[in-house]
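Colleague: Heads up: the protein sequence lines correspond to chains A and B, in order. Going by the UniProt record's numbering, the first residue of the first sequence is number 1, and it counts up by one from there. Going by the UniProt record's numbering, the first residue of the second sequence is number 1, and it counts up by one from there.
Please note that the accuracy of each hint is not assured.
Identical chains share a label here; the pair holds if one copy fits it or two copies do between them.
[Unchecked claim] With a straight-line Cα cutoff of 30 Å, these simulated BS3-like cross-link-like pairs (lysine-lysine) come out:
hint, residue 1, residue 2
1, LYS165, LYS40
2, LYS41, LYS231
3, LYS34, LYS149
4, LYS149, LYS41
5, LYS246, LYS104
6, LYS149, LYS62
7, LYS104, LYS62
8, LYS40, LYS149
9, LYS34, LYS165
10, LYS62, LYS41
11, LYS49, LYS165
12, LYS40, LYS62
13, LYS149, LYS246
14, LYS49, LYS149
15, LYS238, LYS104
16, LYS165, LYS41
17, LYS165, LYS62
18, LYS62, LYS238
19, LYS49, LYS104
20, LYS34, LYS238
21, LYS246, LYS62
22, LYS49, LYS231
23, LYS246, LYS34
24, LYS243, LYS41
If you are wondering where the hints come from, they were derived from the structure by calculation, not from laboratory data.
Here's the letter readout for the chains.
Number of protein chains: 2
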Amino acid sequence: MYQLYVDFMSQPSRALMILCRLNAASMGQALEEKRVLIHKKEHRTDEYKELNPLRQVPCLVKRGAGQSVDFRLPESCAILRHLCERFSLSDWYPSAGGVEQLEKQAYVDSALHWYHSTLRKGCGGLTFHKVVAMNLGVQPNEAIAVDCKAVLDRALGTMERVWLKDRSFVGGSRPCVADLLFCCELEQLNMFYAPVDGMDFDSIMGPFPEVRAWMARVAEATSPVYEEVHKFLRFASKMRHEKLSKVPAKL
Amino acid sequence: MYQLYVDFMSQPSRALMILCRLNAASMGQALEEKRVLIHKKEHRTDEYKELNPLRQVPCLVKRGAGQSVDFRLPESCAILRHLCERFSLSDWYPSAGGVEQLEKQAYVDSALHWYHSTLRKGCGGLTFHKVVAMNLGVQPNEAIAVDCKAVLDRALGTMERVWLKDRSFVGGSRPCVADLLFCCELEQLNMFYAPVDGMDFDSIMGPFPEVRAWMARVAEATSPVYEEVHKFLRFASKMRHEKLSKVPAKL
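Chain A extracted, bound-state conformation (with noise of 0.2 Å):
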């Protein structure tokens, strides 16, 4: 039996529900998600540092008789494999085989590892220093928010100069986890305020319409299940956005 540790404001949380909710029944419902509020620190607790001493979310664990911890694994690129080869998800990760069925897996890891200095750095770091900082009492960094800009609308282009150059998806004709990953990382830009953060889904993703459009099938191919796992993340950003209003906005 499988326990996913999850958290609905993390983006790597949610490519994985994605995966997990779409395939239950191959899965055989081997799979129970478990919710760890990262706002409240409950990644911080003791008992999660037993589960995943890297202290992140998401992180996977297997359990034996007993409840025992059999296995644990951090990393939700990792994870995202694990899964799909544990239980032969092979329309979201190719099988394993001869050379060539390799040469396809080992294009998809490099969409995975091409992620984290791109679209998660660029991303992610925009977010924490604009948006999440403030919320946790720290100070945001501007030049590193302006340095995250960059980042991210470099790994936007080389989404469309590379990654999505003559393929409706990462994956090909039909999403990958990467996509899953991708996507899911992007949709944070939703909680941005233009009139109070100086841009906002729309400025950051109008020069790159092929990563919207693309960005439209991820959530079509993967609905209903695209919209359940956004839903917080959609109320998040409307309460932020209601709350920003009503204060003056930057001169």
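Following the hints, complete the assembly by docking chain B onto the known chain A.
Modeller: Here is chain B on its own, set in the frame of chain A:
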């Protein structure tokens, strides 16, 4: 026939060169190293962009009849795994098999994915803003350098607390591909010159004696190839130190 495009001043390139040189016999001499000099911007040429649209070094290329490109793979971590699986280098990356083997693979994958936003971001970012930027005529950003130093310190702490806890190597009793990757990343800190940079390899590693001892073990386990691929870095470090020792230290 495979070609591996590498630069001695690229950390992941060195990790890949160590793997390939140590296993040249197992790989049937089927891999040739090709030099791409980043400081001469050879990775920005149209010719290289054809091989790797991401314009990164390293990159793996498989050529067929008439030197046609049959397969190309960017991203060092994806290349490390792919070469191990393609040439059955199970000492360096666990071989495929049942659930137990999948879990061993997933463990190494989690280390490879962990690397990007921690060791790579911290060590690579710090080196860029302290050492590399001024050589490229780019204005170093002190705020980002400070952030990267904090990321690096946390990553080194995590190495001692998690990845090297109760084990000689990340891979267990012997090094795996993650050991090569992590160790080659940290070697670049030898470029630092304390009187000018305010820190150097010794001062950064001071609080992390277990990481330092592990680096010595990795170097020993992969000798003499380890020193071979770091020869140019040692030379560049020595040149930089000598040059900087002739300019007045910062007040």
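Colleague: Please go over all the hints and tell whether each is borne out by the structure.
Modeller: Status of the hints after comparison with the structure:
{"no.": "1", "hint": "LYS165 x LYS40", "result": "between (41 Å within a copy, 28 Å between copies)"}
{"no.": "2", "hint": "LYS41 x LYS231", "result": "within (21 Å within a copy, 46 Å between copies)"}
{"no.": "3", "hint": "LYS34 x LYS149", "result": "neither (33 Å within a copy, 34 Å between copies)"}
{"no.": "4", "hint": "LYS149 x LYS41", "result": "both (27 Å within a copy, 24 Å between copies)"}
{"no.": "5", "hint": "LYS246 x LYS104", "result": "neither (51 Å within a copy, 53 Å between copies)"}
{"no.": "6", "hint": "LYS149 x LYS62", "result": "neither (38 Å within a copy, 35 Å between copies)"}
{"no.": "7", "hint": "LYS104 x LYS62", "result": "both (28 Å within a copy, 14 Å between copies)"}
{"no.": "8", "hint": "LYS40 x LYS149", "result": "both (28 Å within a copy, 27 Å between copies)"}
{"no.": "9", "hint": "LYS34 x LYS165", "result": "between (37 Å within a copy, 27 Å between copies)"}
{"no.": "10", "hint": "LYS62 x LYS41", "result": "within (23 Å within a copy, 47 Å between copies)"}
{"no.": "11", "hint": "LYS49 x LYS165", "result": "between (41 Å within a copy, 14 Å between copies)"}
{"no.": "12", "hint": "LYS40 x LYS62", "result": "within (24 Å within a copy, 49 Å between copies)"}
{"no.": "13", "hint": "LYS149 x LYS246", "result": "within (26 Å within a copy, 38 Å between copies)"}
{"no.": "14", "hint": "LYS49 x LYS149", "result": "between (32 Å within a copy, 24 Å between copies)"}
{"no.": "15", "hint": "LYS238 x LYS104", "result": "neither (40 Å within a copy, 43 Å between copies)"}
{"no.": "16", "hint": "LYS165 x LYS41", "result": "between (40 Å within a copy, 25 Å between copies)"}
{"no.": "17", "hint": "LYS165 x LYS62", "result": "between (38 Å within a copy, 21 Å between copies)"}
{"no.": "18", "hint": "LYS62 x LYS238", "result": "neither (36 Å within a copy, 50 Å between copies)"}
{"no.": "19", "hint": "LYS49 x LYS104", "result": "between (35 Å within a copy, 21 Å between copies)"}
{"no.": "20", "hint": "LYS34 x LYS238", "result": "within (25 Å within a copy, 53 Å between copies)"}
{"no.": "21", "hint": "LYS246 x LYS62", "result": "neither (47 Å within a copy, 59 Å between copies)"}
{"no.": "22", "hint": "LYS49 x LYS231", "result": "within (28 Å within a copy, 40 Å between copies)"}
{"no.": "23", "hint": "LYS246 x LYS34", "result": "neither (36 Å within a copy, 60 Å between copies)"}
{"no.": "24", "hint": "LYS243 x LYS41", "result": "within (23 Å within a copy, 48 Å between copies)"}
Consistency note: the structure conflicts with the earlier hints numbered 3, 5, 6, 15, 18, 21, 23.
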